[in-house]
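Novice: Yeah, the sequence shown ends on 218 if you go by UniProt numbering, and it's all consecutive.
It cannot be assumed that every hint is accurate.
[What the hints assert, rightly or not] Below, in silico cross-link-like pairs of lysine-lysine (PhoX-like), each with a Cα-Cα straight-line distance of 25 Å or less: (1) 136 with 115; (2) 215 with 42; (3) 5 with 138; (4) 153 with 73; (5) 153 with 138; (6) 148 with 115.
Treat the hints as calculated values from the structure; they're not laboratory data.
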Amino acid sequence: MTHTKFNEILSKGIATDTFLADLNYNVYRKIFDRVNHSRLEKTEQKLFNYIRINAKENAILSIARVYDSESKKYKTRCIDELINNSVGISISYPFELFPNKWEEFESKYKLIFDKMEVDKMEPQNYIRHFIAFYRKFKTSDSSFQHLKNWRDKILAHNEPFDSSELNIDFEEIEFLILIPKSIIEYASTFMDTENSIIMFDGRSDSYFIDDLISKYVG
Numbered sequence: 001m002t003h004t005k006f007n008e009i010l011s012k013g014i015a016t017d018t019f020l021a022d023l024n025y026n027v028y029r030k031i032f033d034r035v036n037h038s039r040l041e042k043t044e045q046k047l048f049n050y051i052r053i054n055a056k057e058n059a060i061l062s063i064a065r066v067y068d069s070e071s072k073k074y075k076t077r078c079i080d081e082l083i084n085n086s087v088g089i090s091i092s093y094p095f096e097l098f099p100n101k102w103e104e105f106e107s108k109y110k111l112i113f114d115k116m117e118v119d120k121m122e123p124q125n126y127i128r129h130f131i132a133f134y135r136k137f138k139t140s141d142s143s144f145q146h147l148k149n150w151r152d153k154i155l156a157h158n159e160p161f162d163s164s165e166l167n168i169d170f171e172e173i174e175f176l177i178l179i180p181k182s183i184i185e186y187a188s189t190f191m192d193t194e195n196s197i198i199m200f201d202g203r204s205d206s207y208f209i210d211d212l213i214s215k216y217v218g
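Go ahead and model the full structure; you've got the sequences and the hints to work with.
Specialist: What follows is the structure in structure tokens.
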């Protein structure tokens, strides 16, 4: 794979969709946590309900695109596409000279490292361990199945469903967003991608909804 193609999948696919998922999730979560509808006028209740519902649906749609399966017919810019076509992109970071950067990465994505179940992770072996973790995650983790059910049965189609199939909670959504965030940061920091993506934070980037809530709720 060329650097150009790799960067396209990473920046225009995974990073774009992850940013939208993170932003919309934080809008949804802030309304859920802070807005007491009983204190609002009817019009204000409808406004916040509309924003909350759309933010949750957009978060799920955006993050579901990141977890699409690779397709020969449709060249989806997803994690599978990146993994299956990443041959030739080398690790260029001098870990031995700047170990703190790797330690910061390990700390930031500790939840992912814990699920890899590797006693001592060497930076150069991270990609191999991550791919093994990711493939197992997609086939066996309940949060991925809940995401798929939401996207397939409610948002993309209108299918009958058992409500227990759609029980996706805050922690699951946050972890589903954390995985592609780790990919973006690892590739931008440690790999020879000829591209650096500025990391984003949906909690701070969604400041506008804080202002709106403060205006109506206080």
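Novice: Each hint should be assessed against the structure and marked as holding or not.
Specialist: Status of the hints after comparison with the structure:
With a C-alpha separation of about 10 Å, the suggested pairing of residue 136 with residue 115 holds against the 25 Å cut-off. Straight-line distance between C-alpha atoms of residue 215 and residue 42 comes to about 16 Å, which keeps the hinted pair within the 25 Å bound. A threshold of 25 Å between alpha carbons decides the hint, and for residue 5 with residue 138 the separation of about 24 Å falls inside it, so the pair holds. As the CA atoms of residue 153 and residue 73 are separated by approximately 23 Å, the hinted pair is consistent with the 25 Å bound.
The straight-line distance between the Cα atoms of residue 153 and residue 138 is roughly 18 Å, inside the 25 Å bound, and the hint therefore holds. Between residue 148 and residue 115 the CA atoms are separated by roughly 21 Å; this keeps the pair inside 25 Å, and the hint holds.
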